[in-house]
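Number of protein chains: 2
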Amino acid sequence: LDEFALIRRHFARPASGIVTLGIGDDAALLQPPEDCETVVACDTLVAGRHFAGDADPADIGWKALNVNLSDLAAMGAEADAFLLALTLPEADEDWLAAFAGGLREAADAGGVCLAGGDTTRGPLTITITAIGHLPRNSALRRDGARDGDLLAVTGTLGDAGAALAGHADAELQRRLHRPRARLEAGRVLRGLARAAIDVSDGLLADVGHICRASRVGAAVRADRLPASEALAALAVPEEHRLAWQCGAGDDYELAVAISPQALDAAQAACLDIGVPLSVIGRFVVGERARLFDAEGKEYNGITNGYSHF
Amino acid sequence: LDEFALIRRHFARPASGIVTLGIGDDAALLQPPEDCETVVACDTLVAGRHFAGDADPADIGWKALNVNLSDLAAMGAEADAFLLALTLPEADEDWLAAFAGGLREAADAGGVCLAGGDTTRGPLTITITAIGHLPRNSALRRDGARDGDLLAVTGTLGDAGAALAGHADAELQRRLHRPRARLEAGRVLRGLARAAIDVSDGLLADVGHICRASRVGAAVRADRLPASEALAALAVPEEHRLAWQCGAGDDYELAVAISPQALDAAQAACLDIGVPLSVIGRFVVGERARLFDAEGKEYNGITNGYSHF
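Chains as they are written, first to last, in the numbering used here: chain W, -5 to 303; chain B, -5 to 303.
Some hints here could point you the wrong way.
A few chain W residues facing chain B, derived, Cβ under 8 Å [what the hints assert, rightly or not]:
| hint | residue |
| --- | --- |
| 1 | Leu15 |
| 2 | Ile17 |
| 3 | Val40 |
| 4 | Asp102 |
| 5 | Arg140 |
| 6 | Gly241 |
| 7 | Ser272 |
Just so you know, the hints here were simulated from the structure itself, not pulled from any lab data. The beta carbon of each residue, even a glycine, is placed where N, CA and C say it ideally should be.
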């Protein structure tokens, strides 16, 4: 059994867009438009760490691609293609078919094509390399935030954390298992935001990455954090909700730095594509992200994000 | 401990060449020259399958990069950068320092820079994505061979197979553990060869990939297979030597299809960079690669290459 052939069968369409040579050669070829930069990112999901070994393989396929597309979204990039490196303990055709199905759904939703990859035998591990492009010098980097910029976030925070904590609500579970990379929001914020990151490790940790790269601090307002109806409906202590919103990660929203002058345009652009953009704080002189209540009192003990080890 | 920070310390030089943004953002940015295509490939090495768990970590780092650069070489590409997705069972600083050292050596030898990646906790697995570029429409694909073309191979075959079979000669062991991607040969053969592949799975299997993609057959001459002095010096039965040369793989030489008219120029170009290019057969009407002796009698039972499962 050739696993990659099976996966490929689920990707009936040949190379498309800027991909000039796809699966089946030593490497894939891409032809970015004139005056563009190529954008590449890779992330690994390990069974038993990033997902349960017995999780729905369609969800695993969907999520594996979206966490990588989310990195392209955070740069403001157009997503083009991806490479799949799949390590599998055994040849299980049912599992593979379901995995490939979820992966293809995600590829269709993200407008990307499978351009190549590798299958190997070993403990279940999925590494995806996402490839995109954007006009030269237009990337939303982490190092562009300035003291005085506003901190804003797309969508809502905390659903994935609540789901991971065991709340069975279908909408919360969907956010955890079927995150959707904010590719459109990243694109419309290109040229409007000064810095961006995707919320994967946890809001405070991720905003902290912008702080370190930009040599600023951030003051996050707990009372401004956007919550979904599903999350707001949970009868849980505030510190649980805050921990999920600020520390749990896995939301795959975009956190951006925006100059006060650009805020109206950024919110209008996001509204146009149906994505709320909420101001949740401000970049300040400092060196890390801190959480405050409406009266300016700092929260302590709210986890600073998912640590990979 | 942040493993990626440790690895990064071994790559002191910042982003260079066409890499405009390296490690430390959501994604890396590359700026290929005008009228070029981007070339990307990824391969995974799994502990216990592609290398022994207790192998020298410097060798693992070297080889993990070179097997990926070899895919770029087989396209005739210029190698620019790579992403490292490293899954590790535990934080072992000595192991990591040695691994990163071997990886950096390989990066320096190949002229590529580390542009990003991911570290995760789990069973030891290394996925590298290699990124390069080449002038538009100049790639050495697998599908360009024609009936009547010559089959040629760079360097020598079989050393890695002999080493894997237990022969302790230092030169043989070096070929197995420290393969060097034929990047220069790939580049000089661009425009001269009609098709190329790197010999990773085994000569007959890999030439078979060219055959399938090009819809031709190949007749390989056993008596023409180039052997190193170290391999020739081994007192072993012919079928062992042939199995290593034709089936063992891991040689990372390039096998190419060349029109008879282009042979002199191709051999001269390879000679200029000190790489022998030996004609070992011919592409013919057919659909797979077959091995013959000098009298035209076919060999049977020579393994057709490394099967990933």
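Fill in: Hint check: 8 Å Cβ-Cβ cutoff, W:Ile17 to chain B
violated (11 Å)
Fill in: Restraint outcome when W:Arg140 is required to lie within 8 Å of chain B by C-beta distance
Constraint on W:Arg140 not satisfied, violated at 17 Å.
Discussion item. Tell me if the interface restraint on W:Ser272 is satisfied: Cβ within less than 8 Å of some Cβ in chain B.
Written reply: violated (21 Å)
Fill in: Hint check: 8 Å Cβ-Cβ cutoff, W:Val40 to chain B
holds (4 Å)
Worksheet item: Do the numbers back the hint for W:Gly241, that is, is its least Cβ distance to chain B under 8 Å?
Response: With a closest approach of 18 Å, the W:Gly241 hint is violated.
Item to complete: Tell me if W:Leu15 is really an interface residue toward chain B, meaning its C-beta lies closer than 8 Å to one of theirs.
Response: holds (7 Å)
Discussion item. Hint W:Asp102 vs chain B: min CB-CB distance below 8 Å?
Written reply: Violated. Min distance 21 Å.
The structure does not agree with the numbered hints 2, 4, 5, 6, 7 stated previously, though it agrees with the rest.
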